[in-house]
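S.K.: The residues making up each chain are set out below.
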Amino acid sequence: MKKEKRGFAYYAHIYKMILLQDLKSKMSYRSDFIISTVGILFTDIAGFISFWILFQNFPEIKGWHYYEVLFLYGFSLMAMTPVQCFFDNNWNLMEALYTGNFIKYCFRPINLFFYFISEVFDIKGVGQFIFGVITVVYSWNKLGILLSFRNIAGFLVGVISASLFMIAIMNFAASASFWMSGGTSQLMILMFKFKDYARYPIKIFNRVFQIIFTFIIPIGFMAYYPSLYVIRPEEVTLLTYLTPIYGIVLVYFSYRVWMKGARQYSGTGS
Amino acid sequence: MSSRSKPGTSFKGYAAVLRGSMMEALSFRASTFLRIAGNLVYLVIIYFLWKAIFDSSPADTVNGMSFYDTMIYLVLAAAMFNFMDTFVVYWIGEDYQTGQIALYLTKPIEYQPFLFFSRLGNCVISFFVTFMPTFLIVYFVTRGSISLGVNLLFFMVSILLAIGVNFCIDFFVGIICFYTQSVWGVNIMKEVVVSLLSGATIPLAFFPEVFRKIVDVLPFQAIYHIPLHILTDKTMQLSDYAASLGIQLFWLAVMLGISRLFWKVSVKGLTVNGG
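From first to last, the protein sequence lines are chains A and L.
Each residue of the first sequence is one higher than the one before, counting from 1 in my numbering.
Each residue of the second sequence is one higher than the one before, counting from 271 in my numbering.
The set of hints was computed from the structure by calculation and includes no laboratory data.
Watch out, some of these pointers could steer you wrong.
[Stated by the list, open to error] With a cut-off of at most 20 Å between alpha-carbon atoms, the simulated EDC-like pairs for lysine to aspartate or glutamate come out as follows: (1) A:Lys193 / L:Glu461; (2) L:Lys534 / L:Asp365; (3) A:Lys26 / L:Glu364; (4) A:Lys193 / L:Asp355; (5) L:Lys460 / A:Asp32; (6) L:Lys460 / L:Glu364; (7) L:Lys460 / A:Asp196; (8) L:Lys321 / A:Glu60; (9) L:Lys321 / A:Asp88; (10) A:Lys26 / A:Glu119; (11) A:Lys16 / A:Asp88; (12) A:Lys203 / A:Glu68; (13) L:Lys460 / A:Asp44; (14) A:Lys62 / L:Asp325.
[Unchecked claim] Stretch by stretch, here's where chain A covers chain L in the computed footprint (C-beta under 8 Å, at least three residues): (15) 307-321; (16) 324-332; (17) 451-457; (18) 468-481.
[Said to hold, decoys possible] Taking CB as the label site, the calculated pair distances span: (19) A:Gln56 / L:Asp330: 15 to 25 Å; (20) A:Val249 / L:Leu540: 48 to 58 Å; (21) A:Thr99 / L:Pro403: 34 to 44 Å; (22) L:Thr541 / A:Ala153: 49 to 59 Å; (23) L:Ile517 / A:Ala153: 33 to 43 Å.
All C-beta atoms, glycine included, are put in the ideal place defined by N, C-alpha and C.
Use the sequences and the hints to build the structure in full.
M.R.: In structure tokens, the structure reads:
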């Protein structure tokens with residue numbers, strides 16, 4: 001076989017082709033798509049209402065005010081969009097391994113992880129993204145944050161870096177299916193819930209749990225540390241600047257674990 | 271058709287279904303363990319969140335709830351959620367999409383009670399595996415903030431009614447899937463509405479006046495708010511207990527009626543893919 005160099009353009013092209021096929025099949029279930037999108041919006045609006053109710057009773061939480069917490073909330077919703085849109089097929093990994101369908105991915109001359117993940121584009125995440133943007137813009141306005149280059153660039157880099165953490169966590173959780181035969185869907189549900197905890201300032205926890213939620217379960221990086229750069233520049237720590245690097249390292253590591261699991265998959269024999 | 275009319279046989283049938291579903295629940299130990307682990311993380315989060323909230327508040331009690339009251343309420347709500355959430359909507363959706371539902375229609379037992387008992391096993395196991403330990407921990411940690419008296423008895427009755435109301439709502443929502451062909455989306459909407467309006471995420475005592483009035487005329491408070499209120503409120507008299515249980519009974523009757531009617535109507539026009 002002729003060995004070609006497969007660069008970024010080649011993979012982008014393949015991704016586009018697979019994406020179009022997936023969208024076509026999604027479009028045949030239009031009502032499902034609409035209802036699911038509304039369902040996600042329900043979740044986001046409920047989160048919004050919860051904060052509203054809380055701050056009706058209490059003016060602030062450990063020095064954090066309503067609009068700052070809303071900013072964290074919107075930030076975390078935006079940062080969770082990539083894992084929702086592009087990495088949703090991880091949820092089907094266990095089933096694919098169990099039924100033996102996974103073997104088909106092993107026989108293609110492209111990157112195994114790429115092929116598996118690219119098969120599903122979950123368009124539902126787009127609604128959540130829009131809701132996140134609206135929340136961020138609203139609270140950005142209310143907080144009177146300057147629309148400077150520093151803030152906008154810092155915000156964008158922050159959101160993209162924060163999104164890496166959930167991607168890594170879900171890769172780790174899904175790759176457990178390569179070694180475990182049961183309980184991985186529960187594991188994924190458990191891990192996926194972490195995104196809901198990212199909306200609170202890490203400051204509310206005591207020392208021990210601040211360390212746990214920073215280094216062991218990196219919830220703090222999913223909104224809090226990167227947000228500080230924009231909403232509380234005077235409180236920025238080294239961890240804020242480390243967010244992109246740490247995110248990349250984690251995603252790379254999760255990819256290696258995923259691939260290690262995939263290579264030792266032996267099929268079901270069918 | 272004769273077996274359907276004999277109450278003795280059909281009760282035996284449901285008892286067998288219940289036993290089977292309890293065994294099924296016991297065989298998934300790994301996922302039970304992970305559920306408990308997930309719960310612990312959740313508890314840590316809400317503990318610190320509400321501690322921070324009350325620390326920042328000038329008053330010790332807000333809307334009649336202290337930090338301890340709030341924690342007891344939310345911790346037990348989370349523990350209840352564990353055995354209430356039995357994925358009924360998913361089961362109905364799956365039975366519909368695979369066409370399995372047609373097979374149930376030919377069986378000499380009714381679908382609704384069959385489904386109820388086949389999910390009840392999970393409730394029973396979770397009650398002992400997660401709710402009881404949580405309750406005991408809360409009881410000892412808060413040094414007897416929960417009184418152990420007649421309220422426990424009413425609480426048990428209330429829990430049973432809550433399971434019934436919750437199941438009927440789930441069943442109703444499950445049938446909606448026949449029309450929408452969307453299970454995941456319908457279920458997530460239901461979960462959001464129930465957990466917010468039943469007081470499972472934020473105790474209803476904190477809701478602003480207008481919200482509270484709306485919530486009071488909806489069935490969702492019968493799932494979490496009423497049982498927890500019965501358990502934790504020490505000022506309740508016998509008449510209050512009766513009134514609370516009455517509200518639950520009312521909603522159970524209404525939701526049971528509506529869900530059964532909806533089932534009857536829907537099953538007539540049911541089309542399933544051949545299987």
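S.K.: None of the hints should be skipped; say for each whether it holds.
M.R.: Against the structure, the hints come out as follows:
{"no.": "1", "hint": "A:Lys193 / L:Glu461", "result": "holds, 14 Å"}
{"no.": "2", "hint": "L:Lys534 / L:Asp365", "result": "holds, 16 Å"}
{"no.": "3", "hint": "A:Lys26 / L:Glu364", "result": "holds, 19 Å"}
{"no.": "4", "hint": "A:Lys193 / L:Asp355", "result": "holds, 16 Å"}
{"no.": "5", "hint": "L:Lys460 / A:Asp32", "result": "holds, 15 Å"}
{"no.": "6", "hint": "L:Lys460 / L:Glu364", "result": "holds, 17 Å"}
{"no.": "7", "hint": "L:Lys460 / A:Asp196", "result": "holds, 18 Å"}
{"no.": "8", "hint": "L:Lys321 / A:Glu60", "result": "holds, 12 Å"}
{"no.": "9", "hint": "L:Lys321 / A:Asp88", "result": "violated, 35 Å"}
{"no.": "10", "hint": "A:Lys26 / A:Glu119", "result": "holds, 12 Å"}
{"no.": "11", "hint": "A:Lys16 / A:Asp88", "result": "holds, 16 Å"}
{"no.": "12", "hint": "A:Lys203 / A:Glu68", "result": "holds, 13 Å"}
{"no.": "13", "hint": "L:Lys460 / A:Asp44", "result": "holds, 14 Å"}
{"no.": "14", "hint": "A:Lys62 / L:Asp325", "result": "holds, 8 Å"}
{"no.": "15", "hint": "307-321", "result": "holds (count 9)"}
{"no.": "16", "hint": "324-332", "result": "holds (count 4)"}
{"no.": "17", "hint": "451-457", "result": "holds (count 6)"}
{"no.": "18", "hint": "468-481", "result": "holds (count 6)"}
{"no.": "19", "hint": "A:Gln56 / L:Asp330: 15 to 25 Å", "result": "holds, 18 Å"}
{"no.": "20", "hint": "A:Val249 / L:Leu540: 48 to 58 Å", "result": "holds, 53 Å"}
{"no.": "21", "hint": "A:Thr99 / L:Pro403: 34 to 44 Å", "result": "holds, 36 Å"}
{"no.": "22", "hint": "L:Thr541 / A:Ala153: 49 to 59 Å", "result": "holds, 55 Å"}
{"no.": "23", "hint": "L:Ile517 / A:Ala153: 33 to 43 Å", "result": "violated, 55 Å"}
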